[in-house]
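Residue numbers (full-length UniProt numbering), protein chains in the order written: chain X, 1 to 286; chain L, 1 to 344; chain P, 1 to 303.
The hints are simulated quantities; they were obtained by calculation from the structure and are not laboratory data.
Possibly wrong hints are sitting among the right ones.
Quick list of in silico lysine-lysine cross-link-like pairs, PhoX-like style, CA-CA up to 25 Å [said to hold, decoys possible]:
| # | chain 1 | residue 1 | chain 2 | residue 2 |
| --- | --- | --- | --- | --- |
| 1 | X | 6 | P | 109 |
| 2 | P | 126 | P | 141 |
| 3 | P | 39 | P | 272 |
| 4 | L | 59 | L | 40 |
| 5 | L | 40 | L | 14 |
| 6 | L | 40 | P | 39 |
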Amino acid sequence: MLAIVKDLIRYNIEFAIGCVLVGVIVVFALASFFSPVDPTLIYVAIPDQPPSGQYWFGTNSRGQDMFWQLSFAFRNTLTFGLMVAVLSRIISISVGLLAGYLGGWVDRVLMFFNDIFVALPIFPILILFYFVMRSDLDMYRLAFVMACFGWPFDARLIRSVALGLRHREFTRHAVFSGMSARRIMFEEHLPYVMPIVFATAIANMIWSIGMEVTLAVLGFTNVNIPTVGTTLYWANNHSAMVVGVWWWILIPVLLIVMLFIGLFLLTVAMNEYIDPRSRLRRMGGA
Amino acid sequence: MAQSNDILTVKGLKAYYQMAYFGIEREVRAVDDVTLSIRKNEVYGIAGESSSGKTSLIKVLAAAIRPPLKVVDGSLTYRFGDIEIDPYKAKKEDVDAIRWKHLSYIMQGSMSVLNPVRRIKRSFEDFAFRPMGVPKKEFWERTEAHLRRLNLSPDILRAYPHELSGGMRQRVTIALATVCQPEFIIADEPTTALDVVVQKDVLAMIRDVQQQMGSSVVFVTHDMSVHANMADRIGIVYAGRLVEEGPTRTLFTAPKHPYTSHLVGSLPRIGDTSPKAALEGRPPNLADPPAGCRFHPRCPLAIDKCKTDVPPLVAVGESHRSACWRSDDVKPLATFGQPAEALS
Amino acid sequence: MTTLLDVRNVSKRFAMGGILSRQYTDAVIDVSFALESEKPEIFTIIGESGSGKTTLARMILGLEEPSDGDITFEGTGAADRKNRKVRLQFMRRVQPVFQNPFEAFNPLKQVDRYLDATARTLLGLKGKAEIEKSMDDALQKVGLSYREIKGRYAHELSGGQLQRVAIARALIPNPALLIADEPVSMVDASLRMSIVNLLKDLRDNFGVSVIYITHDLATAYYISDRLIIMQKGYVVEMGPARTVLDAPQHPYSQLLKASVLSVDDAGQGNLKPADRAMAEAAWAKSGEGKLTPRDDGRMVRVG
């Protein structure tokens, strides 16, 4: 595994740049564990200070050190994005492979629900969740709810690949070797859908983080938890741009753009590496 | 020596796949030092197994190679009338100018040539109109006359490919490849996907159109029984090298390479119940071929010399060349009708 | 005599198209034949594409249900194989050999995993040594050994070797019947005879019956005991292989034989398209008439 990463960094420029970008953000987020300040407290520093040697990212109008504030915000946002991606991948892989491999009525029932989820308007539903749960809607619950909505498109993609695999001779060979349906799906077919899983996982992170930012900016999440979205919510609330506290908005936006570009480059590089055809070529086949 | 009736002369041709994936560099010698010439008005069969390099060889001949396959060494010269051209040294426009008009292809799957959503007419126009270089009206007149000559109804021009049977589609691609009366046609396994009855008809059609036009055809297939009926001369390719070349009848009745001898001797035939031995081992990996003669690990006649020294392709009879240190000891494994001398 | 496989008046009809323009294609029409347990044989089904030979094979393997008629294997039919336990029992006795050995193995997995799975689930073996022994025994039967293929991927083996591994895999549970659908059409010429000879060897030395499905009359002549020739879903001629192929009587069988490219006059340029009259006779009456027995043991469809 380590050797693969080393190879990728050495021979794939996209991967190297992606690693650097995402790595910087991750280190920055991890720094929050060593934070000297509690991010939920306000007026612990002089408000509205521009970036300086003392306050690298300046301070905001609520008297918080933006460096530590954003460090917590990115930790929470990344955790949130990863949770949504992992949970929704589990659902989409299970649904996609089951529907594709078993076919018949299983396929029809699963795809019926799949299409309902595709059609549902997610945004109003999330707002409804907020009104019902109010401050109970913490990051983890929101991640769970988003995961329940973030799988259907990808499940369809995975199903279409699995549908093709089902008619390949090696699948029938596996059946006549006495392998169970579970083993065929998760050992024979899963490697073929992994590139989709990775590509969609990162796309899904980008989607869920974007959605969280939107909800938070509008105030439809628990705004006391520091995330990228709530940071922007407070900045907007204090008319940061109007009063000239530009660093309150510009720095988080720059950092999130860095994160998204980094994630995108990682997907591109990883897809190339994990794609069964390029894997086969490296192994010396085909 | 290039004779005046050679249409294609290939000398010391080497084409390799050069690849690098994440630090692993590989070089596959798909075409390794091939020298041959193809005469006017003949069908030259190229026989070889999968990954023997025969597909790479004809891609090189057709000047249709793409990286990672590269021509590393050697020359390739076509002579069409007074045009003399080496596609790997000439300008791209000059190479494009000979395509379809002088040099055309019949491919394995008809669907790769015929656009499935357009009428066959359109495919003819796309491929042949510009190379033929005549006004529209004359183009269609000539096309229809050509179809009639091949016993195809001009009505098929209005059909869509899916409305035709597989055999009919393959016939259409042959008509399409030959409509400009090219001097040189490359046919890559044109009948492998067809049923036996249709296969015979399509082969007869290719042979027929070749004789009418006096073109040269390079015919590639792994099926020796097809070569037996199509080729005037056959070149046997093994692991990227030409190992034997000679007139078809001679290769069947008096092969001078143990690989050829096995290929033709193990063909099952109706009416023949004698046991047919299989050749052990596997075709070599072209990325790491054995030293010396590449066939030696599987060869029943191999001696120590074969393991170290590469046998040159030398004349062993009239227009018959073989690359084997023990070519005199090769015996035919089966008989095919009467010997060549009795027939000629 | 006990019956191993009994195919009785089997037909298969596929529905095509949507609800409004439903069309039916008859892939297999009224096919009957039987194999005996005590007499292992190579039974060949000859046909071109669209003749129904692959559909027939799929029905025997239980991958497709007949629309009409019965297929029973050692007394049980497809309807009796609803649960997994009975299906596994069936797989112990009947195994397929696939057309393209490169497709039959997952290119991303090692080839021995299929042998391992077969030994584990179909034979119920547990210990590592036991499993390896059963794999090695089966591989020995096809002229390979476990050492040679351990940890190998499909692309590291030749088509011939892979096909032999696939056959070895099928042999692990000691089946009574192998169903081989065009097992040599994707194998290189120099390796082809090794597979054909292997099938013969399995019949002669290990008592395995083989249903050999092919379009190639020459290999059929070389190894089969009995054969049926199919045209558009109908059996047009059946009987002892050499009797039928030496002198086919049905016009379609005659056309097939005449279309085989002869190598006896190699290089003589004697290639002629199929005789029009013969081809027309072959297709004019396709499916007409009834299978009628002849004195030499064959059955021919005559109108």
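Going through the earlier hints one by one, which of them does the structure break, listed in rising order? Result: hints 3 and 6 break, sorted rising.
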